[in-house]
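A.B. asks: Got chain A sorted already, so can you dock chain B onto it with the hints?
Chains A and B, in that order, are what the protein sequence lines are.
Residue 252, in numbering that gives the first Met the number 0, is where the first sequence stops; the numbers in between run on with no holes.
Residue 252, in numbering that gives the first Met the number 0, is where the second sequence stops; the numbers in between run on with no holes.
Calculated cross-link-like contacts (lysine to any residue; reagent style SDA-like; alpha-carbon spacing at most 25 Å):
no.: 1; chain 1: A; residue 1: K94; chain 2: B; residue 2: N194
no.: 2; chain 1: B; residue 1: K209; chain 2: B; residue 2: I176
no.: 3; chain 1: B; residue 1: K94; chain 2: A; residue 2: G188
no.: 4; chain 1: A; residue 1: K209; chain 2: B; residue 2: A24
no.: 5; chain 1: B; residue 1: K87; chain 2: A; residue 2: E200
no.: 6; chain 1: A; residue 1: K209; chain 2: B; residue 2: R152
no.: 7; chain 1: A; residue 1: K209; chain 2: B; residue 2: P132
no.: 8; chain 1: A; residue 1: K87; chain 2: B; residue 2: N194
no.: 9; chain 1: A; residue 1: K209; chain 2: B; residue 2: Q106
Covered stretches of chain B (chain A as the covering partner; in silico rule of three or more C-beta atoms under 8 Å from a C-beta of chain A):
no.: 10; segment: 109 to 117
no.: 11; segment: 184 to 193
By construction, these hints were calculated from the structure, which means they are not laboratory data.
For each residue, glycine too, the CB sits at the ideal point set by N, CA and C.
Now for the letters of each chain:
2 protein chains.
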Amino acid sequence: MAEGEFTAAVAIIGNEILSGRTQDANLQYIALGLNAVGVRLKEVRVVADEEAAIVRAINELRAAHTYVFTSGGIGPTHDDITAASIAKAFGVPLKRDPRAVERLLRQMPADQLNEARLRMANIPEGGELIDNPISNAPGFRIGNVYVMAGIPRILQAMFDGVRHNLKGGKPMLGQSIDLYIGEGAIAAGLTEIQNARPSLEIGSYPFVRKGTFGTAIVCRGTEAAEITEAVDAVRTLAHSLGARTEESGKGPE
Amino acid sequence: MAEGEFTAAVAIIGNEILSGRTQDANLQYIALGLNAVGVRLKEVRVVADEEAAIVRAINELRAAHTYVFTSGGIGPTHDDITAASIAKAFGVPLKRDPRAVERLLRQMPADQLNEARLRMANIPEGGELIDNPISNAPGFRIGNVYVMAGIPRILQAMFDGVRHNLKGGKPMLGQSIDLYIGEGAIAAGLTEIQNARPSLEIGSYPFVRKGTFGTAIVCRGTEAAEITEAVDAVRTLAHSLGARTEESGKGPE
Chain A
0 MAEGEFTAAV AIIGNEILSG RTQDANLQYI ALGLNAVGVR LKEVRVVADE EAAIVRAINE
60 LRAAHTYVFT SGGIGPTHDD ITAASIAKAF GVPLKRDPRA VERLLRQMPA DQLNEARLRM
120 ANIPEGGELI DNPISNAPGF RIGNVYVMAG IPRILQAMFD GVRHNLKGGK PMLGQSIDLY
180 IGEGAIAAGL TEIQNARPSL EIGSYPFVRK GTFGTAIVCR GTEAAEITEA VDAVRTLAHS
240 LGARTEESGK GPE
Chain B
0 MAEGEFTAAV AIIGNEILSG RTQDANLQYI ALGLNAVGVR LKEVRVVADE EAAIVRAINE
60 LRAAHTYVFT SGGIGPTHDD ITAASIAKAF GVPLKRDPRA VERLLRQMPA DQLNEARLRM
120 ANIPEGGELI DNPISNAPGF RIGNVYVMAG IPRILQAMFD GVRHNLKGGK PMLGQSIDLY
180 IGEGAIAAGL TEIQNARPSL EIGSYPFVRK GTFGTAIVCR GTEAAEITEA VDAVRTLAHS
240 LGARTEESGK GPE
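So here's chain A without its partners, still in its complex pose (with noise of 0.2 Å):
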């Protein structure tokens, strides 16, 4: 990787997706979402919901990556440890936050707000609020660490609220296109494709379609014409070789 580069990390906190119960649905839109931006996903982890674990993952992202963003575990209930977790990997108190509590009254009556209710406004000291337009109730940033809520619905909204703040460099751009022969036919031709071109990321990923195998080949970086230019070699690698290839546009692939 490029020096310079802006590259990101997700933790996502929770047993429900370690034990099976729960699908992820945050991390392909945040994917997504960063590549826009400019700033490189280089790593996921999902993490039990279990203080050590946090800790140690927060840290060992933070200082690898420009930013981390972590969904899960921010909410009312015991099993919600998220913002302690991150106060003890940062070394600083979790306080109680007046301008997370005032967010909070917002959604509901004081009456209602009981102590679970408040530990949601409970914030590492020096963290700044994310804006939640679904719930009110806050994620924060402190630091490079992004907390948000596991809700897909929530954490979108709060994504899509900070994601446009973030620097970044260049956005990703991709191209795809399928080639009706298999990876096998195609690798040693596709090999010298990627050498030649060593500032895209060339990935090639089988598939079976209606009885028929396929390689979908991705062309991924930051310049339109070099993309173009390689998903060109590839096409007329792909004919060399008597195969059909078809493109469905271009897109974030």
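C.D. replies: Below, chain B without anything else, positioned relative to chain A:
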């Protein structure tokens, strides 16, 4: 976690997950399968197709857990670097394995078994092959690390072939109950229920269904009677607060 517990980690190897192109479809399958054989999935990492990242993740995970399962990166193209990276992690040579070559020859005539496809027969020294009943190209196990394909149908077949040979503890059981009341209203009572039952893992997950807010409570453990007793306590708590409850039966929640 109890001493003597059998734990696992999953490493999902693939830029296509990190770029947002592909939604992971393997984690949940592995998680549910491990519950049934009494192995607890404790950590998941999604790692880029970069040797240093793979080596570091594998070495950290295999030291920390009873088992490590990897998905992805064992095909014939330039971006398939999992086998070589695992060899490096274990400090052993990567060798063309004649048993693996024989399996590839079941899938294709010798004149199609080009150098790229033969890469799929490169196995770290000391590795034992994992059957691939779908397309023959094998996975492998070395030490406590099980290396499998990323294509869900193949991963599932490989995993089904190995999981019943894993040494595990008692199967993880689960039962859930839906409460038509907010998390914040039930949190205090739920904390008491959890604190009185340290051998269980009680999770609380808010939901919105047809415009109505509610909380799904999941009780997990190895003893069915303990779980049922905890769910009874949760039901009683909810009814004491005037909330309707709904139960959909027992499963590997």
